[in-house]
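In case you want the letters, here they are:
Protein chains: 2
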Amino acid sequence: MKSTGPHELRKDPLLGRWVAVLNDSLLPSEYVLPSDEEREKRCIFCPGREEETPPEIMSISSCGDDRTGRQWWTRVIPSLDPVFQVEGELGRKGEGMYDRMNGIGANEIIIESPEHFVNPEDMGFEQMARVLTTYRDRMVDLDRDPRFRYTFIYKNEGREAGAKFSHPISHLASTPIIPKRVKEELDGAKRYFAYKDRCVFCDIINEETRAGSRVVLETEKFLAFCPYASKFPFETWIMPKKHNCAFQDIKPDEIEDMAGIFSIILKKLRVSFAVPSYNYYIHSAPNRIPRKDHWHTLGEDFHWHLEIMPRLLRTSGFEWGSGLYVLPTSPELAAKHLKEV
Amino acid sequence: MKSTGPHELRKDPLLGRWVAVLNDSLLPSEYVLPSDEEREKRCIFCPGREEETPPEIMSISSCGDDRTGRQWWTRVIPSLDPVFQVEGELGRKGEGMYDRMNGIGANEIIIESPEHFVNPEDMGFEQMARVLTTYRDRMVDLDRDPRFRYTFIYKNEGREAGAKFSHPISHLASTPIIPKRVKEELDGAKRYFAYKDRCVFCDIINEETRAGSRVVLETEKFLAFCPYASKFPFETWIMPKKHNCAFQDIKPDEIEDMAGIFSIILKKLRVSFAVPSYNYYIHSAPNRIPRKDHWHTLGEDFHWHLEIMPRLLRTSGFEWGSGLYVLPTSPELAAKHLKEV
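These protein sequence lines are chains D and F, in that order.
If you use my numbering, the first sequence corresponds to residues 19 to 359, in order.
If you use my numbering, the second sequence corresponds to residues 19 to 359, in order.
These are computed hints drawn from the structure, not numbers from a lab.
No experiment lies behind these values; they were computed from the predicted model shown.
Do not rely on the hints blindly, as some may be mistaken.
In this list, chains with the same sequence are indistinguishable; a pair is considered to hold if it fits within one copy or across any two.
27 Å max Cα-Cα, derived BS3-like pairs, lysine-lysine [said to hold, decoys possible]:
{"#": "1", "residue 1": "354", "residue 2": "259"}
{"#": "2", "residue 1": "198", "residue 2": "29"}
{"#": "3", "residue 1": "198", "residue 2": "249"}
{"#": "4", "residue 1": "285", "residue 2": "357"}
{"#": "5", "residue 1": "285", "residue 2": "354"}
{"#": "6", "residue 1": "29", "residue 2": "59"}
{"#": "7", "residue 1": "214", "residue 2": "29"}
{"#": "8", "residue 1": "29", "residue 2": "354"}
{"#": "9", "residue 1": "59", "residue 2": "208"}
{"#": "10", "residue 1": "201", "residue 2": "249"}
{"#": "11", "residue 1": "208", "residue 2": "29"}
{"#": "12", "residue 1": "249", "residue 2": "111"}
{"#": "13", "residue 1": "29", "residue 2": "260"}
{"#": "14", "residue 1": "259", "residue 2": "29"}
{"#": "15", "residue 1": "201", "residue 2": "260"}
{"#": "16", "residue 1": "111", "residue 2": "208"}
{"#": "17", "residue 1": "29", "residue 2": "201"}
{"#": "18", "residue 1": "239", "residue 2": "59"}
{"#": "19", "residue 1": "214", "residue 2": "111"}
{"#": "20", "residue 1": "29", "residue 2": "357"}
{"#": "21", "residue 1": "111", "residue 2": "260"}
{"#": "22", "residue 1": "111", "residue 2": "354"}
{"#": "23", "residue 1": "111", "residue 2": "29"}
{"#": "24", "residue 1": "259", "residue 2": "182"}
{"#": "25", "residue 1": "259", "residue 2": "198"}
{"#": "26", "residue 1": "357", "residue 2": "182"}
{"#": "27", "residue 1": "214", "residue 2": "285"}
{"#": "28", "residue 1": "214", "residue 2": "260"}
Please construct the entire structure, taking both the sequences and the accompanying hints into account.
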């Protein structure tokens, strides 16, 4: 935490995309890509070292909080190297022809397991349900801050996927703007709804169920499938079958159902690839106060979902320059493999 | 070249983005990320092996083409593993709720240097001018095919940047659609022009020249700078100071000027980073027949440029899920470093 004030958000005048400029400014020699072999000598996310982390925000525990005999299942702490800071004003202003604001928001770490070497999907569905409950509770809490426009949860597994730690953790970020990728989804869903008077995600669920060839797994309440026009090979989405725009509204029985399908999909990916590097993230409706005002319009056209992105390829100048992605494995064959494995 | 017909292009119904689905379909075990240490045992791009490559499309040579004593400076061949194939119909059609077409287009490899271990920027400005001339000539030629909507040039340097070969090469792709990233730039530039009646790129050149803090190098005809809201740290753009929408129109004196500034920027990046992995690509106005019809509207609001992206970080679920990028080094400090090095 070298930073001495909020980092800066800047808007690209061409693409309308915000980027975060850190005020610690690394020198060229400080950029080193970590290798898979490197492991931390000492992990502060492991039980017994709770006092070495920043103050805990919440936890799910089974036997109290006595600091000595304590046993927690999940634990949330502030990020060690936050891009966004909670305190401060937005400081929106122009800078020449450009636009900037302060990096006000939240960055939290969700410790998904007390075991350094055991992922939640390997601890039984109950542990995955605790992880999902932790996600929901933090999102609901952060929705209350009127400065934050969006909150999202993401996970980096493996060095190729940008992971910096080997303990099973995921991350949360609340941002004072709606991030570009999310805005694109919201705009796309709105355009579709305006034309068809139907939710594009509900239509996708119907279409995938009808076609069947891209479905990996279906439970009572969720569908897991490889999207028709995936960005990455073996990309898999998990979507509630019943329309709902916000993950924040997920009910306990839905969490239980999702914990099962999510654990199975992650295990299938792990069995399929020798070194499983992947990212996942939840896309939910944006977070606005007073929320109910926007509920009716947002609620109809957006549908929350979780996207899992295996990182099997390195993106090249082709993808960065064009935004056109190449899938060496078709979504149909990926789904077939994941279904059978 | 395992493929047995054109690959498929599919459109994401949510984001409007096309992806290419290859019909060779790799199995999970076939995904292996190459390491920096791996080198090809035998390079077919080196002189003397011209007959081992697919038939040459063009070359710039200094002493004829006699196959034995031949000396070429740059050489263009079809891609060894093309995503797009030249022959065939577009085959646009619906598939359930989705949209698809055949992967008709062109993929070419531009061999930038006859020397396996010497990049064009190290062979003097003349060699870089030959590379730029080759780029232009291929783009002008491919513009003539009415099935192709867009042609772009890109380069992958280093394994982290997606390079598969170690010989200095760059790539060309002609696509039957305007790729999403390019369309976003065109749309953004059009919106800006509609509001201000000025080209956003010309405004950026004026603003950067005025501010000065992000300029790396300026020549008579070009400006090299680190954009205000870069996507990656040390990202550098090279832009012609005089308004022009199409790289295809570049004149010999501009090529000469650009060869100098481009070579110097690439050398500066190489001196700055131990293992220089980067991508670059040229964004030019789309390619339509009859082109002149669209010239006046497209010509005013778009401005061709070259973007260089050092690959110093691995993108994580944060960037993929949000589209919000984090710069650990500010564009001002990056420009200062690159200016001084």
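Hint check:
1. 354 to 259: Within one copy, since 21 Å is at most 27 Å while 53 Å is not.
2. 198 to 29: both (11 Å within a copy, 19 Å between copies)
3. 198 to 249: both (16 Å within a copy, 12 Å between copies)
4. 285 to 357: within (12 Å within a copy, 49 Å between copies)
5. 285 to 354: Intra 15 Å, inter 47 Å, cutoff 27 Å: intra-copy only.
6. 29 to 59: Neither way: residue 29 and residue 59 sit 39 Å apart in one copy and 46 Å across, limit 27 Å.
7. 214 to 29: between (33 Å within a copy, 18 Å between copies)
8. 29 to 354: The answer is between: 21 Å across copies meets 27 Å, while 42 Å in one copy does not.
9. 59 to 208: neither (49 Å within a copy, 53 Å between copies)
10. 201 to 249: Cα proximity of residue 201 and residue 249: in one copy and across copies (17 Å, 17 Å).
11. 208 to 29: both (23 Å within a copy, 17 Å between copies)
12. 249 to 111: between (35 Å within a copy, 20 Å between copies)
13. 29 to 260: Cα proximity of residue 29 and residue 260: across copies only (25 Å, versus 36 Å in one copy).
14. 259 to 29: between (36 Å within a copy, 23 Å between copies)
15. 201 to 260: within (22 Å within a copy, 34 Å between copies)
16. 111 to 208: Between copies only: 24 Å across, 29 Å inside.
17. 29 to 201: The answer is both: 14 Å in one copy and 18 Å across copies each meet 27 Å.
18. 239 to 59: neither (42 Å within a copy, 53 Å between copies)
19. 214 to 111: Result: close only across copies, 19 Å inter versus 39 Å intra.
20. 29 to 357: between (42 Å within a copy, 24 Å between copies)
21. 111 to 260: neither (42 Å within a copy, 30 Å between copies)
22. 111 to 354: Answer is between: at 24 Å across copies they meet the 27 Å cutoff, but 51 Å inside does not.
23. 111 to 29: within (11 Å within a copy, 38 Å between copies)
24. 259 to 182: neither (34 Å within a copy, 41 Å between copies)
25. 259 to 198: within (26 Å within a copy, 29 Å between copies)
26. 357 to 182: Neither way: residue 357 and residue 182 sit 31 Å apart in one copy and 31 Å across, limit 27 Å.
27. 214 to 285: Neither. Shortest intra-copy (37 Å) and inter-copy (53 Å) distances fail the 27 Å Cα cut-off.
28. 214 to 260: within (18 Å within a copy, 45 Å between copies)
Of the numbered hints stated above, those contradicted by the structure are hints 6, 9, 18, 21, 24, 26 and 27, listed in ascending order.
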